[in-house]
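A.B. asks: Letter by letter, the chains look like this.
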Amino acid sequence: MGTSFMPFLLAITPEPNDLTVVITGLLLVFLILILLTLIIALQGKFFDSLEAKKKAKSAPAPSAPAPSAPAAGGNVSAAAVLPAPGAVTPEIVAVIAAAVAGMEQGGFTIRSIKPVSRAAQASGRKAWGQAGVQSNTAPF
Amino acid sequence: MSAIWQTFISIIQNSGFTGLAQEPLYIVMLVVGCFLLYLAIVRGFEPLLLLPIAFGMILANLPGSNIIHMQYFIGVGDEVLLHPSWIDILNNGGLGDMLYMGVKLGIYPPLIFLGIGTMTDFGPLISNPKSLLLGAAAQLGIFTTFLGAKWLNFSGAEAASIGIIGGADGPTAIFVTSRLAPHLLGSIAVAAYSYMALVPVIQPPIMKALTTKKERQIVMSQLRTVSKTEKIIFPILCTIIVSLILPDSAVLVGMLMLGNLMKESGVVDRIQKTAGNELMNIITIFLGVSVGCTTSANTFLTLETVEIIVLGLLAFGFGTAGGVLFGKLMCWATHGKVNPLIGSAGVSAVPMAARVSQKVGQAENPQNFLLMHAMGPNVAGVIGSAVAAGILINIFG
Numbered sequence: 001m002g003t004s005f006m007p008f009l010l011a012i013t014p015e016p017n018d019l020t021v022v023i024t025g026l027l028l029v030f031l032i033l034i035l036l037t038l039i040i041a042l043q044g045k046f047f048d049s050l051e052a053k054k055k056a057k058s059a060p061a062p063s064a065p066a067p068s069a070p071a072a073g074g075n076v077s078a079a080a081v082l083p084a085p086g087a088v089t090p091e092i093v094a095v096i097a098a099a100v101a102g103m104e105q106g107g108f109t110i111r112s113i114k115p116v117s118r119a120a121q122a123s124g125r126k127a128w129g130q131a132g133v134q135s136n137t138a139p140f
Numbered sequence: 001m002s003a004i005w006q007t008f009i010s011i012i013q014n015s016g017f018t019g020l021a022q023e024p025l026y027i028v029m030l031v032v033g034c035f036l037l038y039l040a041i042v043r044g045f046e047p048l049l050l051l052p053i054a055f056g057m058i059l060a061n062l063p064g065s066n067i068i069h070m071q072y073f074i075g076v077g078d079e080v081l082l083h084p085s086w087i088d089i090l091n092n093g094g095l096g097d098m099l100y101m102g103v104k105l106g107i108y109p110p111l112i113f114l115g116i117g118t119m120t121d122f123g124p125l126i127s128n129p130k131s132l133l134l135g136a137a138a139q140l141g142i143f144t145t146f147l148g149a150k151w152l153n154f155s156g157a158e159a160a161s162i163g164i165i166g167g168a169d170g171p172t173a174i175f176v177t178s179r180l181a182p183h184l185l186g187s188i189a190v191a192a193y194s195y196m197a198l199v200p201v202i203q204p205p206i207m208k209a210l211t212t213k214k215e216r217q218i219v220m221s222q223l224r225t226v227s228k229t230e231k232i233i234f235p236i237l238c239t240i241i242v243s244l245i246l247p248d249s250a251v252l253v254g255m256l257m258l259g260n261l262m263k264e265s266g267v268v269d270r271i272q273k274t275a276g277n278e279l280m281n282i283i284t285i286f287l288g289v290s291v292g293c294t295t296s297a298n299t300f301l302t303l304e305t306v307e308i309i310v311l312g313l314l315a316f317g318f319g320t321a322g323g324v325l326f327g328k329l330m331c332w333a334t335h336g337k338v339n340p341l342i343g344s345a346g347v348s349a350v351p352m353a354a355r356v357s358q359k360v361g362q363a364e365n366p367q368n369f370l371l372m373h374a375m376g377p378n379v380a381g382v383i384g385s386a387v388a389a390g391i392l393i394n395i396f397g
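Protein chains in written order, with this note's numbering: chain E, 1 to 140; chain D, 1 to 397.
Check the hints yourself; a few may be wrong.
[To be verified] Derived, one-sided and incomplete: chain E residues facing chain D with beta-carbon distance under 8 Å:
id, residue
1, Val29
2, Leu35
3, Gln43
In case anyone wonders, no lab produced these hints; they're calculated from the structure.
What you are looking at is a predicted structure, and each value in this text was computed from that prediction instead of being measured.
Each residue gets a CB set at the ideal place from its N, CA and C atoms; glycine is no exception.
Using the sequences provided together with the hints, build the complete structure.
C.D. replies: So, in structure tokens, the structure goes:
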């Protein structure tokens, strides 16, 4: 078989004792994978810093507050149109109102629209992302 | 009239029925082959490999078929061949002999790895490099089973081949066994693929027994986005580092990473598709049939096979436990940011083991999506078992 960079560990005489095989084997598997972990982590940091530098160079986009407009269909209260600033745009309110109208058939009132659920906040995903993951992983 | 009668008698004497009457164990092997076909077709146990293996088993155990001559590869009885008798194989060999050369020369498993590489996304692993450690911890099954096999009086090389079942990686198990203990190839391949199919049954009880409800409910934070450049660098870097440290792993890790580089680079779309589809399918047929052909009554219907089946189950169990326990350690070290359930995916079995983590996690918390987090340890397990294989070949080869 091939030679190794660690002859003192691997090129042991005819058949090493069982415990030596187990300890050497586990230790080597861990050492090699720890080395890979460190290298990948360093590589990740390098690319993250590169990305941050790129972002810093490009001018930050002005963040104008989204204009609020009443959504068509149903009785949408003002509270629904003006939720947390910048989180729910009038287009989203319109889409949600249309979806609810499609489901409910009759009259309805949307009193509030919360941007993200607690569970979604914990996993760092927005509601639409959460729904996407749900539909993709449902078969599993 | 007498000539016709003589010809008739001669045909009967040369027929397989005479062989079956002389050696009834062939009938048992045919029944085992049919049972494995049932598992593959009706139960859906890894059918892509179990079906050709089972059919190869039937072909090899039809008396007089002469499809394979294992005596040319491993000798007869206590006779040990240092090298296969190539001249006999080429002069008298059957289809099975020709196909088995690909196993004996270690050609098929690395080519299967090439195909697996084209289908593997190392993104979750690069995004969370710590998951490599879970892939290492799950190799505990290999080494504890090695000890168990030694305790049952298997030789070092045989014990290493049996232990590698715990890597939950069929091609790796075949690769190691064909080099270290070819006479056990049939039993080990059947055990490895059967248990891989049983991962959703074997793992959940162990995962639940070793974790608390609170731990299983942990929601992990979203993975960072990995750039294309990182995905291209990873296979190159991984191959160079692992192969320099452990040259015996070079062929397995190298082929896996070559396939992955084909995928991630995006410049060799045609050959990437061939490696992942047509080539892999062809090799799967060759590998399955030739491994099935290696099973004969006198090597398969033994106490050793029963011991290998039991040890294989222990290997999967210990591998799962090793991953989950290391996951608990990481959970403790990160103050509850790691769900220990992803540790069980460290036994390769891609992507089934990751699916099991997802399923068990979602049973406790329907809002929890562990699949992508578990894919990290899952692909790390493939690298880990290839490394462990290299170590065992280095020691016992």
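A.B. asks: Interface hint check: Val29(E), Cβ to nearest Cβ on chain D, cutoff 8 Å. Holds or violated?
C.D. replies: Constraint on Val29(E) satisfied, holds at 5 Å.
A.B. asks: Does the interface hint hold: is Leu35(E) within less than 8 Å of chain D, judged Cβ to Cβ?
C.D. replies: 7 Å, holds
A.B. asks: So, Gln43(E) near chain D? Judge it on the closest CB pair being under 8 Å.
C.D. replies: 6 Å, holds
The structure shown violates none of the earlier numbered hints.
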